[in-house]
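**Student:** Could you build the full structure based on these sequences and the hints that come with them?
Protein chains in written order, with the working numbering: chain A, 12 to 283; chain B, 12 to 283; chain C, 12 to 283; chain D, 12 to 283; chain E, 12 to 283; chain F, 12 to 283.
Simulated from the structure, these hints should not be mistaken for laboratory data.
Treat the hints with care, since some could be wrong.
Since the list gives no way to pick out one identical chain from another, each pair is judged satisfied if it fits inside one copy or across any two copies.
[Claimed, not checked] Using 30 Å as the maximum straight-line C-alpha spacing, the simulated BS3-like pairs for lysine-lysine come out as follows: (1) K94 / K217; (2) K48 / K14; (3) K41 / K96; (4) K94 / K130.
Small disclaimer: the values here were computed from a predicted structure and weren't measured.
Protein chains: 6
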Amino acid sequence: MEKMHAEILEQIRAAREEDLRAPRGIADRKRVVGLIKEIQVVLLPGHFHYNDLSEEAAFDNLVRDLDEQIGSALCFSGTSPMKAKKLAEEFIQTLPEIMRQINTDIQAIYDGDPAAKSKTEIILCYPGFYAISIYRIAHVLYQLGIPYIPRIMTEYAHEKTGIDINPGATIGDYFCIDHGTGIVIGETAVLGHHVKLYQGVTIGAKSFEKDENGNPVKGGKRHPDIGNHVVIYANATILGGDTVIGDHSVIGGNTWIIDSVPEGMKVYYTNK
Amino acid sequence: MEKMHAEILEQIRAAREEDLRAPRGIADRKRVVGLIKEIQVVLLPGHFHYNDLSEEAAFDNLVRDLDEQIGSALCFSGTSPMKAKKLAEEFIQTLPEIMRQINTDIQAIYDGDPAAKSKTEIILCYPGFYAISIYRIAHVLYQLGIPYIPRIMTEYAHEKTGIDINPGATIGDYFCIDHGTGIVIGETAVLGHHVKLYQGVTIGAKSFEKDENGNPVKGGKRHPDIGNHVVIYANATILGGDTVIGDHSVIGGNTWIIDSVPEGMKVYYTNK
Amino acid sequence: MEKMHAEILEQIRAAREEDLRAPRGIADRKRVVGLIKEIQVVLLPGHFHYNDLSEEAAFDNLVRDLDEQIGSALCFSGTSPMKAKKLAEEFIQTLPEIMRQINTDIQAIYDGDPAAKSKTEIILCYPGFYAISIYRIAHVLYQLGIPYIPRIMTEYAHEKTGIDINPGATIGDYFCIDHGTGIVIGETAVLGHHVKLYQGVTIGAKSFEKDENGNPVKGGKRHPDIGNHVVIYANATILGGDTVIGDHSVIGGNTWIIDSVPEGMKVYYTNK
Amino acid sequence: MEKMHAEILEQIRAAREEDLRAPRGIADRKRVVGLIKEIQVVLLPGHFHYNDLSEEAAFDNLVRDLDEQIGSALCFSGTSPMKAKKLAEEFIQTLPEIMRQINTDIQAIYDGDPAAKSKTEIILCYPGFYAISIYRIAHVLYQLGIPYIPRIMTEYAHEKTGIDINPGATIGDYFCIDHGTGIVIGETAVLGHHVKLYQGVTIGAKSFEKDENGNPVKGGKRHPDIGNHVVIYANATILGGDTVIGDHSVIGGNTWIIDSVPEGMKVYYTNK
Amino acid sequence: MEKMHAEILEQIRAAREEDLRAPRGIADRKRVVGLIKEIQVVLLPGHFHYNDLSEEAAFDNLVRDLDEQIGSALCFSGTSPMKAKKLAEEFIQTLPEIMRQINTDIQAIYDGDPAAKSKTEIILCYPGFYAISIYRIAHVLYQLGIPYIPRIMTEYAHEKTGIDINPGATIGDYFCIDHGTGIVIGETAVLGHHVKLYQGVTIGAKSFEKDENGNPVKGGKRHPDIGNHVVIYANATILGGDTVIGDHSVIGGNTWIIDSVPEGMKVYYTNK
Amino acid sequence: MEKMHAEILEQIRAAREEDLRAPRGIADRKRVVGLIKEIQVVLLPGHFHYNDLSEEAAFDNLVRDLDEQIGSALCFSGTSPMKAKKLAEEFIQTLPEIMRQINTDIQAIYDGDPAAKSKTEIILCYPGFYAISIYRIAHVLYQLGIPYIPRIMTEYAHEKTGIDINPGATIGDYFCIDHGTGIVIGETAVLGHHVKLYQGVTIGAKSFEKDENGNPVKGGKRHPDIGNHVVIYANATILGGDTVIGDHSVIGGNTWIIDSVPEGMKVYYTNK
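**Tutor:** Laid out in C-alpha cells, this is it:
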C-alpha cells in the first residue's frame, strides 16, 4: 500500500510542469504580510498591533525584514539581491509621504460617509481604508521596481476586503471608497484627487491587443484615466486605456462606460 | 544610518494627524472578534468552537469580556464606562431572543436553497448564515447604544463573507441570503420578514444632504424600506430613504430601483 | 446574579431548535481546511507551506487525515464510516490528474492576463487560481459522494477570494478567472475548456420549481451550459438550466442572459 | 532511496515491543496538564492564568475536561469509563478542602522563609509551593483510584521544580519546602503537620522485597513516617518503611537515616 | 447539578484566604519572562531569538516593557509607579556592564570545562551559563529596589536549570558553574571573582533567628562569604552568615561546612 | 533620549567579545528540539505527539530536517556541510537499533520500580526514561562526529528532568534511572548492562590535568567505568578516569568513591 502511495507521489511530480518545481528562496507570502503589519504599526501605532511590537521596534524589524524580503524577491526573479538594502532604504524614506497621503484618505472617508462617527472607527472598521492604505504602501514598492512583493500585498488586501487595486495604478490624495466589495482598479489606471468609488466599480481594460499566438500582449496603457473630484456609484464599469473621465463628473450606478466623459458631466443609468 | 532612521520616524510622527495619535484603551479588534466567537459557541455549541471552551465556559467568559470591551469602547468614545456592566447584562438577556431569530434564518435558508442538504451544512458552510447571525448580535449592541463594537463585528463578517450589513439596519425574521458576495445593506434600511437577497444586491442611499461645507449631513433616514416576502435577485440596486418595496414583490437581477414599488409587483430587467 | 445567568443559558437552550443540538463527531471545519493545505503542499511544494511539512510528510498526513475526516462526515450524515478508507484511497489516486488540470489552469491565467509576470506570481497572488485549484479538489470529492467536505472546501475558497464555485459544477481544462470577486457558479453548471470569466459573473439558476409547500424542489438541472473558448465579461448574469452558451461566443459585461446564445456570437450591453 | 526509508520504518516497527504499540485513547499528557492549569485558575484566579479563562469559565471547562480525561484514563487501563462522570464530581467536591490545605501551605512557607516578602510572591515564584499545590490535587485523584493522571500531574511538577512527590504520599497541613530541587517523597510515605523540608531531601525506600524472579514486589509500605513539626535539612536521606521520625525532631543536612528517631531528637552530621 | 457547582465555587472562594484574592495588576510572570528574552537578544543576538525581534527591535520593546512591568510591580507592592520610567532607564544604562560581566563568565566556563568545544556551545547548551546570565540581570534589578521581578527571573532560571541563585546574592566576575542541578545560593551570600561551583552545592543559612512567635526574623546577614579563586565540588554544603571561605581554598564534594575555612585550605571528605 | 539609547546599544556591542558576534547559520536550538520530537513520534507513535504528524509524516520530516540541521551544525563549526545528507542517512539507519535499546530500558525501569503500573506509564511519566531515550539518540549522533546537536539534545533532557548525561558517555542495555534529579554522567564514562542509578548520583571527573596556563587539558579519559548489574543509590559520587566499579556491586547512598570497587562488593555509608 505505502509503496503504491510512493508511486502516486511520483506521478504527481511527473504531472507537475517543470517551471512549477519551486527553487528555494521563493518569496514567502507570510513574511510579506508581516511587512504590511509592521508598516501599519509604524504609521498608526495604537490602532494596529503586531506581535506586541512597540512603534520603534516595528520600525527596526521593518528595516531588517524589508532588506531580506526584497533580496529574496530579486533573487527569485533572477536579479542580483545586491540592491535590496538600497531599495529598502529608499522605501523607508517615503514613509512620511505615505503617512501624509493616508491622512488625506482618512479625511476623505470621514467627510464622505454620514455613518462614520470618528477617524478611529474608520481605521479600525472600514475595509475601504484598509485597502487604500495597503495600496499606498505597495504602489511605492512597485515604483521602485521590486518584483512580487507589491502584488502579494494588494492581493492580501483583496482577500480581506474584496477590493482589488493593482499596485501599478496611480491614485491621487483624498481617495475614498465606500463599502468597496468588488472594486477592481487596473494596473495602468490613473485617478486624480478627491475621487470617490462605491462597491462593485470596475476601472478596467476594454480588450487586449493579441500577439501572433492570440495571447494578450503584456504591458501597454490599458485602463482609464479618472479626473479630480469624480464620484463613481456602485457597479459602474469604466473600460479602456483611451477612456478619460473629466474632473467633477459623476458616474451613476450600474453604468457601462467605454467612451470618455467630459468635465462636469453626470452619467446616469435608467430603466426607462 | 540608525540616526537617519530615527529622523524618518520623527517625520512620520509629524506627518500623522494629531487625532490619529491613539490614546491607550482603544477598542481592540481582536477581542471584539473574541466576543463574536464566544457568542457563537453559546448559541450553537458543537457547530462552533473557540479556544476549547465548553458551552458554559464560553458563557462565563462572555460575561466578563462583554463588560471589559463595552467599558473600553465607552471610555474611548468619551463616555463613562460605569454603565458597561449593566449594558452587558442587558445584552445577555437578549440571547434567547437572538437564538429564536437565528432559528428562523436557518429555516429560511434551508427552505430557499435546493442545494442545502441539512441545517448543519448551512451553519458550517453558508456565508449568508454567517453574516446574518453576526448582524443579529451586532444589531442588539447597536440598539443598546454601544459605540464601535457593533461596527467592528459586522465588518468582521464583511471581511469573511463579502456581505456588508450595517448593524443599524432593521431586519425581520426568516432572512435568507444566497451566495451573498457584494451585498450592501445601509444603516437606516428596514427589511420585513421572509426577505430573500441574492449576491450583489445593494439597499443603499441615493444621495446625501450636504451641509454648508459640502459634506454629507450625518444621520437621517437614507435607505429603503423592504416589505415582507420580498425576493431581490442578484446585483439589483435599490436606493433612497423614501423608496418602499411593497410586500410580496419580486425585484429582478441587475435592476436599478430609485422609486417605490407597489405590493405584489414584479420588476424585471430586460436586454430587449 | 450567576443563578440568573444559568437561567438565561437554559432559555437559550430551549430556544435552540432540536436538530441544531449537535451530536459529537460533526465535521470539523478547521480540519477540512487542513486537508486543503496538505493537498496544496503535495501538489505545489515550495509555493505552499503548512505546519513545516515536507512534501512527503504532507502526503503521509493527508492519507491519515482524509480517512478521519471522510469517516466523520459519513458518520454525521448517517452513513457507515466503513467506506472512508476506500474513498480516501480513490481520491488520492486522482491527485496526478488534478495536478494535470491545474497545470492547464495556470497556463490559461498566464496567457490571459497581460499583467502576469510569471507562473509563480499566479500561484502566490492570484485569487482566481486559488479558487479554481480548491474547486478541482472539492469536485473530485463531490463526485465520490462524500458529504459536507466538498462544500466546506469551496466555501473556504469563497471566503478567501469572493469566488463562489459550487463543488458540483463541471468545468473543463484551461479555466481562467480574472479578479474574480463576486463570481457565482451553480451546482449543475457545465463549463467547457478554455472558458474565461471576469469578476461578478453569475452562472446561476433562473427560478426554482416549487413543491406543494411553495419551497424549491431539491435537485434537478438548474444552471446553464457554457461551451468551449467562451469569454464572459464582468458582472454578466447567465441563468437557467436550459440556457446554452455556444462555443467561441463572447458575453459582454453587465449583460443579463436568460436564453441560449449560438456558437461564435458576441452579446454586448449598451447604454444607448 | 525512499523505498529504503520505508524498509527502515518497517524495521523500527518490528523492533518496537508489542505492548508499546499504543491503542487510540491513551491519556494525553497535554490535556492532563490543562486540568492542572484549570484548577490553578479556579483556586487562585488572578495569580494563575490559562487560555484567558475567567474563574467561572475555568471551572466549567474543568467539569467537562475531568470527565473526558478520567474516562480516557479508565479506558486505557482496561476499566469501564462509566464511572468517569461520578469520579469527576467527587473530585470537584473536594476543591474547597484542597483550597483550605493550600492556604496552610502558603502560610507555612511565608512563616518559614525570611526572604519571603508576601504571599503573592510565594504563589508566583516559589517552586516549593508549586509542587505542593499540584501534589494536593494529584493526591485526591490518587485516592479516588484514577489511573495515570495523578502521576502525570506530579511528574509535571517534578519537571518544573525538580521536586518529586509521589501522588500516593500522605502529607499533613502546613507543609513547607524551601528551594526544593532534588526532593523525593515516596508513594507510601506519611508526613504529619508542620513539616519543613529543604532541597535534596529523600524520603525513600530502603530496599525492595524481591519476588522469585529477583524483581521488586509491587506494593507494600516502603517509605518512612515523619511526625509533626519536623524539620529536615538539605540532602538528608531517610529510608525504609519501618523508619519513624518522631514529632518535633530535627534532621541535619547530609545525614543518612535508616532507623527511627525518637520525638524531639536532633540528628546532626559532623565532619569531625 | 450546575447549581451544585455554583455552590462549590462559592465554597472555594470562602476557603480562599482574603489576602489571596488578587487585585488587578499583579505582576505577570509571562511578561517578566519576556523581559529576560528581550535582554538575551540585546546582549547575544544570533544566539538567542524571541518573537523574531531584531537586535534593535528587542532593545526598543525592552524600553517599553521594562517601564510597564516595573510600574506594575511597584503598584502591586503598594508603591507609586511614578518611578518606573526612571528605574527602567537606570537598568538599561547598566546593560554594557552586564555584557562585560557575562563575557567573563563565558570565559570562565570555557576555561573550566575540558568538554566545552566553543563559546557558542556554552551559550547554547550550558545551564550554568543560562542561570548565571539571568542572575546578572536580576541582581541589577534587585539592587534598584524593584520588587517581585528579580525573584520571578531567577526562579525562571531555577525552573529551567535546577540552579537556584537568589537575586540578592553578590557574585564577582568569572563565575563558573558546572552541571549545576541542585545549586542553592542564598540572598546575603557574597562570592568573589573566579569562583567555580559544581552541582548540588548549597551556600545557605545555618539557622534563623526567631521572633517572639517562633517565626524566622526577616532580613539580616544569613549566608556565607566565599573568597576569590575558590572551587567547591559537588554537593558540598556551606552554611552560616559568619562562615568565610578564604581565597584559593578548595572545598571537596559532599562536605558539610559550618565554620570558616582559611585561605588556601583544601577541605576533603573521606569515607575512612 | 532615543539617541542615548542608540549609544547604550553601541556600548553593549563594544562590550560583547568579538567571537560572540554570531554569524548567520548558528545551530537553532528550537529546530534541534524538533528533531527529538520527530524521532519520538517515529519510535513511539501514540505515546508522543508533535505538530499532529503521523508516524510516516514524522519520519519524512525527520529525513529533511536532519539533513538541514546537520548541515547547519557542520557549517557553523567550520566544516563543509557536504557530508550532512550522508550522516543523516547513517543516523536513520540506526533507528531500529535505538528502538531495540529503548525497549530494554523500559523493561529495566518496569522491573526496577514497584510503583510502575505499566510500560505506558513509564513512557508518559518517568523522567528517567525521558532522559535515557534522548541520550540514546544523541549518543549515536555524537558517535557520527556531528557537532553541537548531541549536546543541545541532552541539555534539553537535562532541563526537563534534571538528569545530565553527556552524549559521549557509553551506556549498555537495560539502563534504569529512578527519580533521577541531579544525576550527572560524564563524557568518558562507560556503564555496562543492567545498571541502576538513583537521584543525585554523580559519575564524574576527579580532577583535571592542567596545561601550562593552568587551564584543564581538553579531552582524555576522565570518568569512571561502571560494570554490569551495578546499583548506585541516591547522591553517591564516583569520580576519576581510573575508577572501576566491578560487576554486581552495590554503591550505597551519599557515598564518595574515588577508588575502584571490586566485583560483587557492597559499599555503604554509615553515620556511626
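**Student:** Is it within a copy, between copies, both, or neither that the alpha carbon of K94 lies no farther than 30 Å from that of K130?
**Tutor:** Close across copies (24 Å), not inside one copy (38 Å); limit 30 Å.
**Student:** Checking K48 and K14: alpha-carbon separation at most 30 Å within a copy, between copies, both or neither?
**Tutor:** For K48 and K14, the Cα distance is within 30 Å only across copies (23 Å; inside one copy 45 Å).
**Student:** At most 30 Å between alpha carbons: which applies to K94 and K217, within, between, both or neither?
**Tutor:** This pair counts as neither: shortest intra-copy Cα distance 37 Å, inter-copy 51 Å.
**Student:** Have a look at K41 and K96 and pick one of within, between, both or neither, based on CA distance no larger than 30 Å.
**Tutor:** Answer is both: 20 Å inside a copy and 29 Å across each meet the 30 Å cutoff.
Checked against the numbered hints given earlier, this structure breaks only hint 1.
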